[in-house]
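Q: Sequence:
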Amino acid sequence: MTKRQRMVPVHAALVSPPLQMLPAVIDCRPAWVEIEELAMDIADAFDAISGYEETLVAQGEAMGMERGRELGIEEGRELGVMKGAEIGSELGFYQGCYLVWNHMLQSEELKCKLPVRAAKSVASFGALLEAFELKNLVDEDMVQELLRIQAKFKVITAITGLRESLVYSEEEIKAHKDMSF
1 MTKRQRMVPV HAALVSPPLQ MLPAVIDCRP AWVEIEELAM DIADAFDAIS GYEETLVAQG
61 EAMGMERGRE LGIEEGRELG VMKGAEIGSE LGFYQGCYLV WNHMLQSEEL KCKLPVRAAK
121 SVASFGALLE AFELKNLVDE DMVQELLRIQ AKFKVITAIT GLRESLVYSE EEIKAHKDMS
181 F
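Residue 57 in the UniProt record's numbering sits at position 57 of the sequence shown, with consecutive numbering throughout.
Where hints are given, some of them may not hold.
Unchecked claim - Quick list of the computed label-pair ranges, beta carbon to beta carbon:
#, residue 1, residue 2, range
1, 63, 143, 29 to 39 Å
2, 96, 140, 25 to 35 Å
3, 49, 82, 47 to 57 Å
4, 145, 103, 18 to 28 Å
Stated by the list, open to error - List of simulated lysine to aspartate or glutamate pairs, EDC-like, C-alpha gap at most 16 Å:
#, residue 1, residue 2
5, 154, 164
6, 135, 66
7, 152, 130
8, 135, 145
9, 83, 140
10, 152, 90
11, 154, 90
For the record, the hints were derived by calculation from the structure and aren't laboratory data.
The beta-carbon is built from N, C-alpha and C at its ideal position, and this holds for glycine as well.
Build out the structure end to end from the sequences listed, making use of the hints.
A: Okay, structure coming up:
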């Protein structure tokens with residue numbers, strides 16, 4: 001302690017605060033200005049929070065749309081393969097039947113086993129099968145062509161008397177594939 005500090009009367013030290021307790025800059029603004037600035041700062045903070053939430057929602061939506069596209073493509077591919085296999089299997093069955101019937105009509109000794117009316121239907125059935133395009137198309141005409149092939153097959157099986165015994169069935173095909181000895 002220096003002499004000067006010792007000379008300060010006790011009552012003066014109690015009245016005046018130490019220097020480190022005084023504010024560096026004395027603010028002369030009215031109190032209501034401080035309250036408005038504080039309110040604006042709080043509003044800005046809430047706007048920032050609200051804007052951040054909107055940003056997160058927009059980012060989440062964009063990520064969700066992208067993931068949805070990816071899942072849609074994957075699911076579409078799986079469904080396309082499955083439906084393509086079903087249509088291909090059915091057309092293969094019809095093609096096999098056509099080949100057998102056409103062979104029977106070409107052979108003199110087997111021709112007598114088919115009714116005379118069957119020849120014209122088998123020929124038009126073959127033309128329908130030949131005209132069916134095996135392309136990767138989404139086309140309403142493809143479904144209509146498949147329905148015409150199915151109808152012609154039913155006509156031939158009715159003419160030949162095979163309507164009950166020669167039927168395309170997914171369950172029977174699966175049973176034959178799963179058969180073991």
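Q: Hints first: check each against the structure and report whether it holds.
A: Now for the hints, and whether the structure bears them out:
Between residue 63 and residue 143 the Cβ separation comes to about 37 Å, which falls inside the hinted range of 29 to 39 Å. Under the hint 25 to 35 Å, the C-beta atoms of residue 96 and residue 140, about 27 Å apart, fit the expected range. A hinted range of 47 to 57 Å holds for the C-beta pair residue 49 and residue 82, which are about 48 Å apart. Restraint check, residue 145 to residue 103: a C-beta distance of roughly 24 Å satisfies the suggested window 18 to 28 Å.
Proposed proximity of residue 154 and residue 164 is supported: the alpha carbons are some 10 Å apart, at most 16 Å. The hinted pair formed by residue 135 and residue 66 fails the criterion: a straight-line CA distance of about 29 Å is larger than 16 Å. At roughly 14 Å between alpha-carbon atoms, residue 152 and residue 130 fall within 16 Å of each other, so this suggested pair holds. Proposed proximity of residue 135 and residue 145 is supported: the alpha carbons are some 13 Å apart, at most 16 Å.
A C-alpha spacing of about 15 Å is found between residue 83 and residue 140, which places the hinted pair at or below 16 Å, so the restraint holds. For a cut-off of 16 Å, the pair hint linking residue 152 to residue 90 stands: about 14 Å separates their Cα positions. For a cut-off of 16 Å, the pair hint linking residue 154 to residue 90 stands: about 13 Å separates their Cα positions.
Taken one by one, the earlier hints fail for this structure only at number 6.
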